[in-house]
Amino acid sequence: MGSRFGRWIADRWVMGVALLVLGYLFLPIAVVIGLSFNRPSARNTYDFNEFTLDNWRNPCATSDMCDAVVRSAQIGFIATVVSTVLGTLMAFALVRHRFRGRAAINMLIFLPMATPELVMGTSLLSLFVAAQVPLGFWTIVIAHVMFCVSFVVVTVKARLAGMDRRLEEAAMDLYASEWQTFRRITLPLVLPGIVAAALLAFSLSFDDFIITNFNSATTVTFPMWVWGAAGRSIPPQVNVIGTAMFAIALLLVGASSLRGRRARRAALAVPVAAGRPAKRLS
Amino acid sequence: MTALAHVPTGSGQSASPPAPRRGRHRLLPYLLLLPGAAWLLIFFAVPLVQLAAASLYDPSGSVTTGYAMTGAVGNYPAALQEYWPQLVRSFVYTGIALVLALLMGYPLAYGIAQKAGRWKNLLLVSVVAPMFTSFLVRTLAWKTILSDNGWLVGLLRDVHLLGPDGRLLATAGAVVLGLTYNFLPFLVLPLYASLERLDPRMLEAASDLYASPLRAFQKVTLPLSMPGLVAGTLLFFIPASGDYINAELLGTPRDNMIGNVIDSAFLVKLNYPQGAALSFLLMAAILAVVFVYLRKAGTEEVL
Amino acid sequence: MRTMGHEAPAGDLRLANLTKKFGVFTAVDDLSLTIPQGSFFALLGASGCGKTTTLRMIAGLEEPTSGQVLLGDRDIARLRPYKRPVNTVFQSYALFPHLDITENVAFGLRRRGIRKVAEQVDRMLALVQLEGYGPRRPAQLSGGQQQRVALARALINHPQVLLLDEPLGALDLKLRRQMQIELKRIQTEVGITFVHVTHDQEEAMTMADTVAVMNAGKIEQLGAPADIYEFPATAFVANFLGQSNLLAGEASGTSGRDVLVSAHGGRFSVPAARARLARGPVFLGVRPEKLHLVATAAAVPAGHQHVGGVVTDASYVGVSTQYLVKTAWGSELSAFSANSGLGGQLPVGTPVVAHWDPRHAFLLPREPGEDDRTTPLLDEPVGVLP
Ligand SMILES: Nc1ncnc2c1ncn2[C@@H]1O[C@H](COP(=O)(O)OP(=O)(O)OP(=O)(O)O)[C@@H](O)[C@H]1O
Ligand SMILES: [Mg+2]
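Residue numbers (my numbering), protein chains in the order written: chain A, 1040 to 1321; chain B, 19 to 321; chain C, 324 to 709.
Worth flagging that the hints you see were computed from the coordinates, not collected in a lab.
Small disclaimer: the values here were computed from a predicted structure and weren't measured.
Every residue, glycine too, gets a C-beta built ideally from N, C-alpha and C.
Be aware that a few hints might be false.
[Stated by the list, open to error] Chain B is faced by these chain A residues, among others (derived, beta-carbon under 8 Å):
no.: 1; residue: Pro1067
no.: 2; residue: Ala1153
no.: 3; residue: Thr1154
no.: 4; residue: Val1180
no.: 5; residue: Val1184
no.: 6; residue: Phe1253
no.: 7; residue: Thr1257
no.: 8; residue: Phe1261
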């Protein structure tokens, strides 16, 4: 019996530890969600005081915070579009073509991911200062595109490399021209990778603080606004934004996995009588 | 050689030459690469050169009056002399955080990859989900949790793990905890990816061949997860050692890391040569650690 | 039916001096052959001998290093794949994972601008016994079902030439036989030229009008299945298609209508019509089922030739018993004796005389110095070592 209990433990302790660690990962999230429904008792305290929906009804208590959120979204959108286009093109070149200088290009893509944000931020700042480029909205966009591109390349490349070349050959064999093959086979199959890359780029851009901090001058994004407020007092609405971002991301993930599952189920539901005698072609 | 029925073909000799490769195809990859590569060159590579140059400016200049390029190599020893404690602290904190993250992240990745069954995807999303809230908002939430009048401190004081005046916030421990927390998913994801590919039958084979669970882990699981472990460690280590948000929000100036120093050099003291020199020192230190680590780990192909 | 297909001028498929090199490695070596229109052509050969590469050059997926692919009088070797009236059933299916079965099957029709596809698709799915599977995705089908979809997807286009790269490899034996019959029926019905690559000799023999045996990028022999089996051209073919007992000997020329051979101290003869050569180093070949075992030389029928030996292995396989007979010089011959109910099994150790009708033997060229080539029983490891 002792050994059976030992076995039970041996089989499950890993999962137990894993769940504890997940709990650790979610602890601050729970606090953020909780605080978003909290009416602070006095300035600058975080104690749970009283349940309220005020923060949600009125998320823009401080108008400059909402401006910052909007600005972050704008920057994120532009940076996402640009970096996704640039990165996808590069991924196609790397996976689908042979050319000289591949190693150098791979290095150029890899290095930004291996360089601390701090170094990228300060070096870009020294460039802008030396070139006398005024800092602001567009320097932030430039910086964000720069650090997002590599992640896009890696994500799209993985998807593209995992794609069976023979599918494209089969399409060509079935009368699809190069363009039709790209349009009907390659693009749909790579699209999930491109979408994933775009979402990654947006979340990286929206959440970036360090690089933005060096290259923004007086332009305030949401993380910069929070940073500034952390020195003074944090309005509970910050937690509303945090919770909303969390919820939106979860909805996106949930919707995509649900769609996949629904499609699968629908297809399986079709009644099929396997092994029916073959009808003859007349 | 003796095939009987080969049909003679009339124009056997007129082997047509391979179709000429269209010029468009030769150029295409370069056209595809051009915009992205140009962006990275101009806004990543050139700035690094510029930063290198800035680190050699005459330190007596200023942003307003301009800097003279004097090749002042002395900026480096000067910066190191002044800020070596912060540099060392950065790596000590990151090192401790990394060990903690490995202790938590390995079971987590292994559990999801091998033991979670149909909950696998849900658990995997759960690892990434906390990252969806803003980095800063999460870190501020830790500030709440660790605060002196929070429930955690109260609980620890009640069970006498913490003295009556003991604190959690504004300690080195809080900074390490923040680093561990914020970069843990970067460690777990690559680790998960390589553990997921591990065929459970290999462990069965190992135990069939008289390996104890510990031995099986040591001889099979660990070596096979090495690429993920190496990649995850680097993805944790590189951003964590350059981070200064955790030190700023959860620590005191006594816990400052090199990032805090660089940040203030550029944005407060406006001492660009010093900030640039420190940035390069940080990068050199990281590269040195990474290089030694990869040599030891023996899996250079992760790069 | 035929109106749906391409109305290109009819024609045979001809490969002329077709060569494909991958770097220094020659995958297909100066291949020339003609496949008459409407015939069922099977390509057999060991793994890696260049079958798939040949098909890919016909389909346009691989550019030949040199040579021509002629369809009728047209050289199509440099046409893009989608310009060729040729379709392929891929070795790996290559179904489009993001399209359902209906759209997979309809893909070729749609690319040629055909709008009304439903009826044809349904008929095609019925043909491959997959009615009702239209809304599924490829990932939701078994391997064999996927293979049938690949077949339907190619067949629906009624190409002039259909290339099949081991299309039945993943099917169980019963379904495989069924599909073979279906394939053969479709082929005769619509008159499409089929080029069929397979590892299954039986499949090749039963289905094909013409079989080609490939080895290291070259065709070793090409002909009707029975001709190849009864009179192989090379030692490789003799042992690739079925098995053969090949005894090393020297042919000393023709005497009357026979070629005389001396081998292992014995003197044998083979009808000149069944000899690939009349002088020099040869293999004297006899198929195991043509080798009969009797107790003494006296029992050998008149006109038969014989060698003596000892039974070293007997395996009962139901329809027959397969014997290994060790000769005086140490080679092990195999002999299949039909299980017709007469006489018991010969126990191991029995001295026997193996005899054959010279009209069933054949003479093949042999490299000087090459010894006997006898195949051990395919599914029996015994007797491999001397
Ligand atoms: N793209 C390529 N580059 C280099 N070598 C190749 C390439 N494609 C095929 N080969 C080589 O050419 C030879 C013939 O390959 P092919 O695929 O035609 O074999 P096959 O006869 O179809 O074999 P199997 O029966 O296993 O399918 C093989 O030795 C293979 O390794
Ligand atoms: Mg093949």
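Each hint, compared with the structure:
no. : hint    : result
1   : Pro1067 : holds (4 Å)
2   : Ala1153 : holds (6 Å)
3   : Thr1154 : holds (7 Å)
4   : Val1180 : violated (11 Å)
5   : Val1184 : holds (6 Å)
6   : Phe1253 : holds (6 Å)
7   : Thr1257 : violated (12 Å)
8   : Phe1261 : holds (7 Å)
Violation of the numbered hints given earlier is confined to hints 4, 7; the remaining hints are satisfied by the structure.
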